[in-house]
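Colleague: Every letter in the sequence shown is one number past the one before it in numbering that gives the first Met the number 0, and letter 232, counting from 1, is 231.
Keep in mind the hints are simulated off the structure, nothing from the lab.
Built from N, CA and C at the ideal position, the CB exists for glycine as well.
Any given hint could turn out to be false.
Pairwise CB distance ranges, derived in the manner of DEER restraints [to be verified]:
hint, residue 1, residue 2, range
1, Leu197, Phe303, 21 to 27 Å
2, Gly360, Pro236, 33 to 39 Å
3, Thr147, Pro72, 37 to 43 Å
4, Pro236, Ala137, 41 to 47 Å
5, Leu158, Ser182, 19 to 25 Å
6, Ala137, Leu359, 39 to 45 Å
7, Leu73, Leu197, 36 to 42 Å
8, Leu158, Gly245, 36 to 42 Å
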Amino acid sequence: MRVLEVFLAFLGLGLTSFGGPLAHLGYFHQALVRRRGWLSEVAYAQLVALAQALPGPTSSQVGMALGLFRAGPLGALAAWLGFTLPSALLLYLVGVGLEAFSPPPGLSQGLKVLALAVVAQALGQMAQGLAPDRPRLAIAFLTAVLLTLWPQGQLPALLMAGVLGLFLPLAPPPPPSLQALSSRAGALAFLVFLGLGLLLRALAPLDPLWAFLEALYTSGALVFGGGHVVLPLLKEPLVPEFLDAGTFLAGYGAAQAVPGPLFSLAAFLGAKAHLGLPSPLAALLALLALFLPGALLLFAALPFWAHLGQIPALRRALMGVNAGVVGLLLAALYDPLFLEAVRGKGDFALALGLFGLLRLGLPPWALALLGATLGALFL
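Construct the complete structure from the given sequences, taking the supplied hints into account.
Modeller: Now the structure itself:
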């Protein structure tokens with residue numbers, strides 16, 4: 000039953016989580032950490048820090064890890080399916096012929112404003128547990144300042160936070176266990192990651208299908224800094240070999256207007272590329288090729304991350320990294336969320352209203368409907 004619980008929880012998130020990967024982390028925190036108690040605040044921050052350190056789709060990796068801790072390997076699969084299915088299905092439909100669908104611009108604007116409110120709520124809650132004293136609050140603000148000036152520097156900023164954590168005066172408590180997989184399973188996941196990459200590289204010259212899948216797999220293995228980075232990585236091998244530039248950018252634009260992970264763009268790419276396969280199968284293979292490297296790297300790293308967390312010095316470093324995660328969200332509150340969502344007084348007033356309703360306990364799915372409706376009517 001836990002697998003079904005994970006699937007339904009992430010299906011709800013997949014239908015309502017707008018705003019990009021950092022906003023998704025806010026939705027996960029609200030729904031699964033604060034409301035359902037699947038993980039502690041500290042364990043969740045460790046997961047976020049680990050996903051930031053790995054290539055791949057950050058929010059999807061955190062989601063799969065949450066599913067793994069809740070219901071084992073099938074829970075990880077259920078989390079990915081639930082979170083990805085709505086956006087993948089929408090982008091597949093766009094790819095096979097619904098390009099004419101054009102929602103009111105105010106609708107997506109209202110959902111951007113909601114994402115701003117959700118991250119602001121998550122930021123306040125996480126700061127209470129992860130930066131409760133002056134030293135850690137200082138690390139959080141320093142990280143935020145650095146990332147505001149250098150938005151692409153997420154990994155160096157978290158490394159800096161970890162180094163500063165070594166000098167924290169407080170003795171860290173024992174970290175919660177992130178041991179959901181054995182070391183042997185982690186090593187096997189890494190070998191599968193390498194083996195699939197080498198196999199696709201060897202097969203790519205033999206058939207366009209393999210070349211297409213190899214391009215997606217390699218891009219998924221190299222993406223640092225969020226889903227938007229995948230755009231230049233995919234464009235070079237796919238345009239004009241499999242799609243023209245206009246079609247590629249149209250798919251990327253459509254991916255901005257749907258909830259869930261940006262990597263669901265793969266469903267559009269598979270549907271539009273001429274691979275000699277039925278379009279549903281091509282879309283499914285494209286999704287697997289783009290998401291699988293990040294999932295395998297996550298499973299490979301989790302057991303060893305837990306072992307490292309038992310070393311006292313690294314416990315202190317993790318305290319600093321956890322505070323850095325607060326700074327990461329604080330910087331994201333400005334760029335991209337505030338810059339994208341707030342164009343004037345009306346947007347900011349809606350953000351304040353939605354934030355207040357969140358604080359009063361209204362669920363994000365209801366606020367998604369409210370934000371989209373008010374945005375379509377008034378923004």
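Colleague: Check each numbered hint from earlier against the structure, then list the numbers of those it violates in ascending order.
Modeller: 2, 6, 7
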